[in-house]
Amino acid sequence: MEGGRWTGDLVRLSPASLPTTSEHSLPGPLEKSDSQTGEEDESQNSMKPHVNLWGETKKLRIQQKSHKGEKLFECTACGKSFSESGNLRIHQRTHTGEKPFECIECGKSFTRNDTLRIHQQTHTGEKPFICVECGKSFSTSWKLRIHQRTHTGEKPFKCIECEKSFNESQTLRVHQRTHTGEKPFKCVECGKSFSTSGKLRIHQRTHTGEKPFKCIECEKSFNESQTLRVHQRTHTGEKPFKCVECGKSFSTSWKLRIHQRTHTGEKPFECIECGKSFSTSGKLRIHQRTHTGEKPFKCIECEKSFNESQTLRVHQRTHTGEKPFRCIECGKSFSISRALRIHQQTHTGEKPFRCIECGKSFTRNDTLRIHQQTHTGEKPFICVECGKSFSTSGKLRIHQQTHTGEKPFKCIECGKSFSTSGKLRIHQQTHTGEKPFKCIECGKSFSDSGSLRRHQQTHTGEKPFQCMECGKSCHQNAALRIHQRTHTGEKPFRCIECGKSFSISGALRRHQRTHTGEKPFQCMECEKSFSTTGELRIHQRTHTGEKPFQCMECGKSFSTSGSLRIHQRTHTGEKPFQCMECGKSFSTSGSLRIHQQTHTGEKPFKCIECGKSFSDSGSLRRHQQTHTGEKPLKCIECGKSYSHYGAFRRHQRTHTGGKSQIL
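Heads up: the sequence shown begins at 1 in this note's numbering, then just goes up one per residue.
Because the hints were derived from the structure by calculation, they are not lab data.
Check each hint, because a few of them may be wrong.
[As the list claims (entries may be wrong)] Cross-link-like lysine to any residue pairs, in silico, SDA-like; alpha carbons within 20 Å at most:
(1) K304 - S393
(2) K255 - I286
(3) K267 - T178
(4) K379 - Q400
(5) K199 - T96
(6) K283 - T367
(7) K606 - R593
(8) K351 - I370
(9) K438 - Q457
(10) K606 - H515
(11) K395 - L508
(12) K519 - S505
(13) K416 - L536
(14) K199 - R177
(15) K547 - S559
(16) K379 - T290
(17) K155 - R177
(18) K423 - G321
(19) K192 - H203
(20) K304 - I336
(21) K220 - S337
(22) K283 - F297
(23) K634 - H539
(24) K143 - G198
(25) K395 - F362
(26) K255 - L340
(27) K332 - I426
These figures come from a predicted structure and were not determined experimentally.
Could you put the whole structure together from the sequences, leaning on the hints where they help?
What follows is the structure, given as structure tokens:
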């Protein structure tokens, strides 16, 4: 009705649709007024008695509809229905953007007066509603009621689709949209839709850059209050959410929920492409990008793209050098919180993740998962270039760099590039001399945790990885894989210069230096350079006299473990390397290779001075000394020098009566 209380947006009842009046439906005076309608003129019909009748009838009609669960007032913009006209008017403001209630303190506007009143309490700090259980205060009674359900465990709002229960109706409504797919809140900037108005508001701040929530401790700003509250716990150390299974505490409820799935094994989020399931929706979204190839997060420094924002943030720290996570025990800083947590376990010795197959414990859950694949043999990550399979996505990515040649991690000291950040970090320690990983048995220090673990096995004698072919055991899974290639003959690493293939990538890299002549590892004592760190370490022992590898049979010591193994074969008589041509056996692979050249006639080592060729590198080196006149072996007794070990040792016996001494 024109000029009436309802607008055109309301679905209005026609007179014909009014309920039939009776002595039970309307009060006496109204019945009398109704009986006089034939005697009154048209102007009288519009007077107060008629209006009262309409008003009372409207109230009755609304009441009857509400009993039936009907919603009388419909929004013409989106079709949503409401049981009261006031609720419809408030709803229409979500379409018009009207916010008539303004805060006089900060100028912020709201669609409803009660929302304004609640907001004003953020200025006054007023929280008049106190929980009798824990003493926590709230600004509204309904926030207190919802909070009390955390004590009682009450979840009165149940989803009829999946029977999941919630402690507040709003959370249920938002949850139901996961079934319907409804996202009614749309961003006018980019068109992205959201299931709640709160998510839309937070998203809009990515366009405006607004971060209205500031930490008073460190002045860091956030775009939502919840993120600020969680951040503040990094200062207070508060972890109010505790797992009833294992007692572990968390700073947020959602971290607790995700953690609980490690106990239940629940993975409710399934990929429709490959059927793989995940414990969180975030992990599913990141996984789906492996199918789409989407990498929406781009570094403005180097333009490298990433499939998740967290990976981008961590990457950006390689440019800024930022390491915000500091160990309170030793002061060491880390660029990611997980690296700090793992590091802290080196102080506590904690290994909370245990393999149910073999009982081995690990400091990290992902390390446990990788270990479990040694039992299952699972290798789900396949290289599209060569078809090779890997147990982890990280190993696949590193492998793919053998095809692309990509080495994205560069040392700022010497310019050398590496395929992984881990290799770069280990390399940087050659500049700093840092060896932060110390063996508690013997005090020896190492530059990386892997080297420490391998060293510790020399104390424990542990060799957990066994070859199914010959029964040989190895310290590491990687060493086992390399060993297995002696059975399969597999040599997957090929030199693009000469076509020679190798069973391990390290052997290929060392070989490639025979083409390039590169000798990047220099001795600080005599400035002699070497193509590998192993050769440098062995050489350094000629200065220190160190011979750390001792034979348990005769007590003789050696500077390398390889020399010790070869020597031990003089006691055991073992000759494990057999010639396929004539069946002759040898104690070392080098002796076998040299022997095989008697069958092939191959002499791959050529003197660049005279062109003469040799079957092994040792013979070439000895020959080259005839050109250079070099006699590197000097007798400390008389100063006489020799070019060959044989002649040198024979000479020394004239002084020692059988014991050799090398300068």
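- Query: Of the numbered hints stated previously, which ones are contradicted by the structure, given in increasing order?
  - Reply: Checked against the structure, no hint fails, so every one of them is satisfied.
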